[in-house]
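In order, the protein sequence lines correspond to chains A and B.
Numbering follows our numbering, with no gaps: position 257 of the first sequence is 257.
Numbering follows our numbering, with no gaps: position 246 of the second sequence is 246.
Don't read these hints as lab results, they were simulated from the structure.
Even glycine gets a Cβ: it sits at the ideal position worked out from N, Cα and C.
A portion of the hints provided could be inaccurate.
Claimed, not checked - Here are the simulated distance ranges between beta carbons:
#, chain 1, residue 1, chain 2, residue 2, range
1, B, A124, A, L89, 54 to 62 angstroms
2, B, G54, A, A28, 24 to 32 angstroms
3, A, A85, B, A105, 21 to 29 angstroms
4, A, L93, B, G54, 50 to 58 angstroms
5, B, G23, A, L301, 42 to 50 angstroms
6, A, L251, B, E179, 54 to 62 angstroms
7, B, R157, A, A85, 40 to 48 angstroms
8, B, A105, A, G126, 50 to 58 angstroms
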Amino acid sequence: MLRNRETGAFAGLLLLCAALWAATPYFATVDNLLNVAEQTALVGVLATGMTFVILTGGIDLSVGAIVALAGVALGLALRGGAPAAAAILLALLAGAACGAVNGALVTLGRLPPFIVTLGMMSVARGVALLLTDGRPISGFPPGLRALATARPLGVPAPALVMLALCGAAQLVLARTTFGRYVRAVGGNAEAARWSGVAVRAHTAAVYVVSGALAAACAVLLTARLDSAQPIAGLSYELDAIAAVVIGGTSLLGGTGTVLGTLAGALTMGVLRNGLNLLGVSAYLQQVAIGVVIVAAVLVDLALRRRADALAARRA
Amino acid sequence: MTRLLATLALFALAACNRGGDGGRPVIALVPKTMNNPFFVDMERGARAAADSLGLELVVQAADREVDAERQLQIVENLIQRRVAALLVVPSGSREIVPAIVKANAADVPVLVVDTRVDTAALRAAGGRVATFVGSDNVDGGRLAGRFVAERLGGAGRVAVLEGVPGHESGDARLRGFREALAASPGVTVVASQPADMERDRAFQVMQNVLQAHPGVQAVFACNDVMALGAVEAIAAAGKAGAVTVVGFDAQDDARAAIAAGRMHATVAQFPAEMGRQAVVSAYRLLKGEPVPAEQPVRIELVTK
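So that you can see chain A by itself, here it is in the shape it has in the complex (with noise of 0.2 angstroms):
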């Protein structure tokens, strides 16, 4: 069993599986659930950031728009003829920068982060607009394509991405001072304070990882669709927000893990895989998915009360 937080999103995530399992014979082949991990690569690197971000109690509104401006930046050096490590690079460091503008304002600036991060979300897609005068830049060299389309032991690359860095961050989140600092900060900046935590540090550094993960997510869509798309990442915060909550994370900071996330991002992508099999019409599918998020949270929400309810009587 694991442990505490994650464990209603993973009940969640079977308890879904099983009933595509039982409603369809196309759900549970080793190919329809590669595919399944393949496509929650870009969720899953994208609410990967937002952990963190959400653990020291923030929120990152722009990470959908920096996914366009970090996919532009990627395509426009592409184009250049820059080779792909190079391009990929200037990707990274395009969301990184726009990350530690975000927690520059938040810290140095003292400002919300909801309203940060909004102001970055028109700022990062605007440029990108700008940049690609609203057309989309394709016709690359042959050389990125293959991060979507490589299979290393038969596994699609973007799944493998995903795992590698959903693995990393929990380890640093886990392991290291730097992990255990951020949640203290999420869980009482004050008290961090006085124990002599860098709360304005570790504040700024957890949206620089947002924006790095981002611009991450946004080379996987790239490579993807081979195309560079200014309007692309649309409305992709509210996936990454959602992952996150499902896996169990407080909004209010503090306490939550990346594998919890990581089965979050695994239950949108199952749930709207399913609904494509089972030939759902696209309307009701918007509905299901909202029904899903807040009954996955509840699903939580009771677990928890009830291994709470059980360690106040032991004790």
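Model the placement of chain B on the given structure of chain A, informed by the hints.
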């Protein structure tokens, strides 16, 4: 709580999975979105044809018209669903190419509807499509151009409201319009500016055009939404009725404006017919019959 949710989920899924295949071949239509009456009409035509031919039709679409990544995911999922044929209206002419290549690899025939695929990108990626079913936007532009030239008696000043730069269908309409005007050297385009397919943008742009060129006698807008914005600007300038306004799409609002004499013409496409023709083509392909690579669907001028 958990058990209740499980029961509910299973019930919901069973309810969604209505009908069952019953052994009929399943084909899928993937429009850009279902939040647009154009594609609702397309589904209606496709469904009627599928019912009469004994095919099961699945319709799946993204929430947003421009969400190419979601469209790719839907196509990937439908390939897993082992559909027999894929009818797709590309969200992006180039962005659809990876989806087509994946369908090719799974031996699912792809029929492209309404919006063309970028042929160079498709060829570079080694993809192939079975057919294109759709109206020729260039032809529609020509219809509008000939109407304007006739109304002006072969001589006069014309303004053009362009769509989003780089957007395939708007560009094609513009090209056709200019081509048709070339046959009447007396007609000159005095202004041609983008108004992003939006009503309030079109209102502002048209106000500016009327300031700069008070003698404008006709305006062509690449869609009806912009045409209606132009109508308002013309009325605000006190020139209602003095300027011929031609739009594109034959929306209900535009038809009403034409009936009321505020607009003069619009170009109608027939999405239900596109849906029908695409399903019939899929049926032929499944039976092993050949289908033409290009299947034009009629396009008509609507006037009072």
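Hint check:
Roughly 26 angstroms separates the CB atoms of B:A124 and A:L89, a value that falls outside the hinted 54 to 62 angstroms. Taken as a hint, the range 24 to 32 angstroms holds for the pair B:G54 and A:A28, whose Cβ atoms sit roughly 29 angstroms apart. At roughly 28 angstroms, the beta-carbon separation of A:A85 and B:A105 lies within the given 21 to 29 angstroms, and the hint holds. In this structure the hint that A:L93 and B:G54 lie 50 to 58 angstroms apart at CB holds, the actual value being about 57 angstroms.
Checking the proposed 42 to 50 angstroms range against B:G23 and A:L301 shows it holds: the Cβ atoms sit about 45 angstroms from each other. A hinted range of 54 to 62 angstroms holds for the C-beta pair A:L251 and B:E179, which are about 57 angstroms apart. For the hinted restraint 40 to 48 angstroms between B:R157 and A:A85, the CB-CB distance of approximately 55 angstroms leaves it violated. At about 38 angstroms, the beta-carbon gap between B:A105 and A:G126 misses the expected band of 50 to 58 angstroms.
Going down the numbered hints, you'll see the structure goes against 1, 7 and 8, while the others check out.
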